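Undergrad: From first to last, the protein sequence lines are chains A and B. For the first sequence, our numbering begins at 1 and goes up steadily by one. For the second sequence, our numbering begins at 1 and goes up steadily by one.
To be clear, the hints were calculated from the coordinates, so they are not data collected in a lab. Take these hints with a grain of salt, some might be off.
Unchecked claim - Looking from chain B toward chain A, a few residues come up when the C-beta cut is under 7 Å (computed): (1) F4; (2) E6; (3) Q33; (4) Y34; (5) Q43; (6) L48; (7) G85; (8) P88; (9) W130; (10) D211; (11) S218; (12) D354; (13) R428; (14) Y429; (15) L430.
Bear in mind that the values here come from a model prediction, so they are computed numbers and not experimental data. Quick reminder that beta carbons are idealized off the backbone N, C-alpha and C, glycines included.
There are 2 protein chains.
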Amino acid sequence: MNRFLERRNRLRSLMSGEKGIVIFLGNIDSAAQYRDNAYKWRQDSNWLYYFGIDEPRFAAVLDLESGAETIYADDFGLDDIIWMGPMPSVASLAAGAGVSLSAPYARFDTDVVAALAAGRRVHWLPVSRWYNAVKIGSLVGIAPEDCFSAGKKGCAFASEALVRAVVKMRLVKDEGEIALLDSAAEIGYAMHTCARKGIRPGRIEQEIVGDMEGVTLSYGWGTSFATILTQHGEIFHCHSHENPLEPGKLLLVDAGAESNQHYASDHTRTYPVSGRFSPVQRDIYQVVYECNELAFNLTRPGIAYRDVHIAAARHMLDCLGQLGIVRGDVDEMVADGIAGLFMPHGLGHNMGLDVHDMEDLGENLVGYDSNQMRSPQLGLGSLRMARRLEPGNVITDEPGIYFIPDLIAQWKADGTDGGRVCYDKLERYLDFGGIRLEDDVLVTPDGARRLGSKRLPIAPDEVEQAMAED
Amino acid sequence: MNRFLERRNRLRSLMSGEKGIVIFLGNIDSAAQYRDNAYKWRQDSNWLYYFGIDEPRFAAVLDLESGAETIYADDFGLDDIIWMGPMPSVASLAAGAGVSLSAPYARFDTDVVAALAAGRRVHWLPVSRWYNAVKIGSLVGIAPEDCFSAGKKGCAFASEALVRAVVKMRLVKDEGEIALLDSAAEIGYAMHTCARKGIRPGRIEQEIVGDMEGVTLSYGWGTSFATILTQHGEIFHCHSHENPLEPGKLLLVDAGAESNQHYASDHTRTYPVSGRFSPVQRDIYQVVYECNELAFNLTRPGIAYRDVHIAAARHMLDCLGQLGIVRGDVDEMVADGIAGLFMPHGLGHNMGLDVHDMEDLGENLVGYDSNQMRSPQLGLGSLRMARRLEPGNVITDEPGIYFIPDLIAQWKADGTDGGRVCYDKLERYLDFGGIRLEDDVLVTPDGARRLGSKRLPIAPDEVEQAMAED
Numbered sequence: 001m002n003r004f005l006e007r008r009n010r011l012r013s014l015m016s017g018e019k020g021i022v023i024f025l026g027n028i029d030s031a032a033q034y035r036d037n038a039y040k041w042r043q044d045s046n047w048l049y050y051f052g053i054d055e056p057r058f059a060a061v062l063d064l065e066s067g068a069e070t071i072y073a074d075d076f077g078l079d080d081i082i083w084m085g086p087m088p089s090v091a092s093l094a095a096g097a098g099v100s101l102s103a104p105y106a107r108f109d110t111d112v113v114a115a116l117a118a119g120r121r122v123h124w125l126p127v128s129r130w131y132n133a134v135k136i137g138s139l140v141g142i143a144p145e146d147c148f149s150a151g152k153k154g155c156a157f158a159s160e161a162l163v164r165a166v167v168k169m170r171l172v173k174d175e176g177e178i179a180l181l182d183s184a185a186e187i188g189y190a191m192h193t194c195a196r197k198g199i200r201p202g203r204i205e206q207e208i209v210g211d212m213e214g215v216t217l218s219y220g221w222g223t224s225f226a227t228i229l230t231q232h233g234e235i236f237h238c239h240s241h242e243n244p245l246e247p248g249k250l251l252l253v254d255a256g257a258e259s260n261q262h263y264a265s266d267h268t269r270t271y272p273v274s275g276r277f278s279p280v281q282r283d284i285y286q287v288v289y290e291c292n293e294l295a296f297n298l299t300r301p302g303i304a305y306r307d308v309h310i311a312a313a314r315h316m317l318d319c320l321g322q323l324g325i326v327r328g329d330v331d332e333m334v335a336d337g338i339a340g341l342f343m344p345h346g347l348g349h350n351m352g353l354d355v356h357d358m359e360d361l362g363e364n365l366v367g368y369d370s371n372q373m374r375s376p377q378l379g380l381g382s383l384r385m386a387r388r389l390e391p392g393n394v395i396t397d398e399p400g401i402y403f404i405p406d407l408i409a410q411w412k413a414d415g416t417d418g419g420r421v422c423y424d425k426l427e428r429y430l431d432f433g434g435i436r437l438e439d440d441v442l443v444t445p446d447g448a449r450r451l452g453s454k455r456l457p458i459a460p461d462e463v464e465q466a467m468a469e470d
Numbered sequence: 001m002n003r004f005l006e007r008r009n010r011l012r013s014l015m016s017g018e019k020g021i022v023i024f025l026g027n028i029d030s031a032a033q034y035r036d037n038a039y040k041w042r043q044d045s046n047w048l049y050y051f052g053i054d055e056p057r058f059a060a061v062l063d064l065e066s067g068a069e070t071i072y073a074d075d076f077g078l079d080d081i082i083w084m085g086p087m088p089s090v091a092s093l094a095a096g097a098g099v100s101l102s103a104p105y106a107r108f109d110t111d112v113v114a115a116l117a118a119g120r121r122v123h124w125l126p127v128s129r130w131y132n133a134v135k136i137g138s139l140v141g142i143a144p145e146d147c148f149s150a151g152k153k154g155c156a157f158a159s160e161a162l163v164r165a166v167v168k169m170r171l172v173k174d175e176g177e178i179a180l181l182d183s184a185a186e187i188g189y190a191m192h193t194c195a196r197k198g199i200r201p202g203r204i205e206q207e208i209v210g211d212m213e214g215v216t217l218s219y220g221w222g223t224s225f226a227t228i229l230t231q232h233g234e235i236f237h238c239h240s241h242e243n244p245l246e247p248g249k250l251l252l253v254d255a256g257a258e259s260n261q262h263y264a265s266d267h268t269r270t271y272p273v274s275g276r277f278s279p280v281q282r283d284i285y286q287v288v289y290e291c292n293e294l295a296f297n298l299t300r301p302g303i304a305y306r307d308v309h310i311a312a313a314r315h316m317l318d319c320l321g322q323l324g325i326v327r328g329d330v331d332e333m334v335a336d337g338i339a340g341l342f343m344p345h346g347l348g349h350n351m352g353l354d355v356h357d358m359e360d361l362g363e364n365l366v367g368y369d370s371n372q373m374r375s376p377q378l379g380l381g382s383l384r385m386a387r388r389l390e391p392g393n394v395i396t397d398e399p400g401i402y403f404i405p406d407l408i409a410q411w412k413a414d415g416t417d418g419g420r421v422c423y424d425k426l427e428r429y430l431d432f433g434g435i436r437l438e439d440d441v442l443v444t445p446d447g448a449r450r451l452g453s454k455r456l457p458i459a460p461d462e463v464e465q466a467m468a469e470d
């Protein structure tokens, strides 16, 4: 059976307790400089998952009661053909997605308005873009800003049942998706290898970014998120690349590829610019490496990823205690969230069609089981994936240690650490930067495996050896 | 004097007949997959021109009567610093733009609403993105879709005086801008050279796209528009790159770089995949090449670019007559728009901070003098820049000849050509594709020069020689 039809049938069965219609709104082009100079075309991920049609300005209505499915889009006229080339007819694209009815795009609005006027329930997903917010908002009668899961009303949208059904499906990747994720990981391997080979003191960071992004563009859609390549690893989403590489510094490279089929990869490695770690760098690197390995070894069906995060945090604090940076009982430090000073982010996130999979649907519904609460602690509170794992989950394993001057100063001033931090020692690390090491992991029936056929060098000796051979 | 302040002072003097306030709204990040996974950050071009602050979520109000200027944005808190790194204070960024007052972002709305409530005129520019449309629309009380110049009401927005003043300024590039355009052209030269060197039968088009875009990312912001690299040159904006290169075909490469300072380049070359043109290809190529040269030689202050377009169209028809593809009096064919069958686009467009400069402000206000009407003819009617030229204008010179099967079939069926087209002959070209040759040209006080220090090989012999040496 057509795999998109199969998915929609499953969605419908997961929503069997609901009445009304489900609406899906694909993306339109998104302006960069002006409306007709758009960013690279990217379809909405939910649309891709349920329909697979990688063209702008499509919408669909699924009737939960009658079972009818309609796709709405406009066929190309001669002017479109001159400027954009011939496109298969909407009817044939719809048929490819297993949908037998099609209608002009403008009819989508008419049909949704008619359903609402008839008192029918309209299920829709939180949007990711402003055009979709304007369109959905005007149809269902709410402000555009409230159509985002991060909007003022949070997830108090019309369609939590739909979100829960979609999350349930997309969290568990099927065999076809796993193959696509493996092939995205291959591009990720190639892009990171290109970056590592390009590290030479004196080069500007941006030159390496260009080289590695060129690889993703040659073999995939492009990057799965804005590349982080920085000697300021302590800034998590540092997108400035203007600095020359300096011997003695660490270069953190967090970058991913999106395949032509729109599945993501996401890897991080941290390299010594000069090719060899200093003893101080190696000590911290070893801790992060051990946390990455520990988390991978714990990953298996049945364990909550929140507990894997906590285990990694515990090991980190244990090691930092041995280095004299913290002191005291490790269990108490874990409970008090001291790890958040060093790793103020979560251990990982779901990955699939989006690099943070389904983040637009609301992190709590995506990443948390119904019996889990989000922690208020720094670090653990940023954990995007806390759920009990099941086979088919794809997650990242990305511990890090960072020395963030502003954060350290605030904890010291506020006494947040309750005496556990040895500031004399810690303050020697203020110009250290940060280290993060990230792999993409598939939960298998009996454990876990890393995506892709090859793992990027990660053990400290391996990294130095690879750089010596580059 | 601060160059942004100087520009705003000039803007104010151009608007000396107006009362009220002028508002500028910078961009925010634009979602790719979900709101926090944004496309590469790109500031609004008008904002860059008048304020230069290359950060998201900024706005400004200029009071035309009191002369007061205020910038609205939020300083970073600790959480922003952890995730995005330290940012200079809003006050210091404002000072860098020559603005002495700053206030929180939310105050922008309050101040605009207060001005409207006080009955003051609020001048604003048509927007390019949906977030800006939602925000401006809600402030001034119109629908988001009507905040675009391409909206239902066309340019019937609140602020034609502001648009005219901005267009007057941005159409004429100052020395600093010309230097930035020259350096963007250097990146463009490098990216096109990379593409040409990468042409080998059997390679997938996308591999070459990745290589050339890697160059723009290493040395600039990225591409100034979505790269066109295709063996279907007859499709103007063909963004699919999945085909292997085939000997005997032509590869059209229309691509540009945007510098880190956000100025554009835009060049097109058309290459024989096998390194040598066939006699049929060379004949058509020669015509396009001559049109490009002719247009450049005519370009000087005082001539309307519309007349340059027409001169190129005339030469094209003359040559196509010699090739037996059309017949009849050349002047009559020009008058009847027969050239539109072969070149259904305009000769060129303005270029600057945007590759189609200021297209979001409305093509007619940007590209047409007040005494010029837009032609209804195919081709000439798509001309984006028709104005009488003045020194400092930067335009593209991009004639092309295309054989578009659907268009030819329609003209033949409708008799649009009035007997001028020799379909027997023309139909031998149905699988030819298309050729376009484009340079970026600065209008100088006594003529014109091409941007950048080197011209990409363009004469047919030059191209073959360069490919033989690659």
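Undergrad: Checking each numbered hint in turn, tell me which of them this model violates, lowest number first.
TA: 1, 2, 5, 6, 8, 13, 14 and 15
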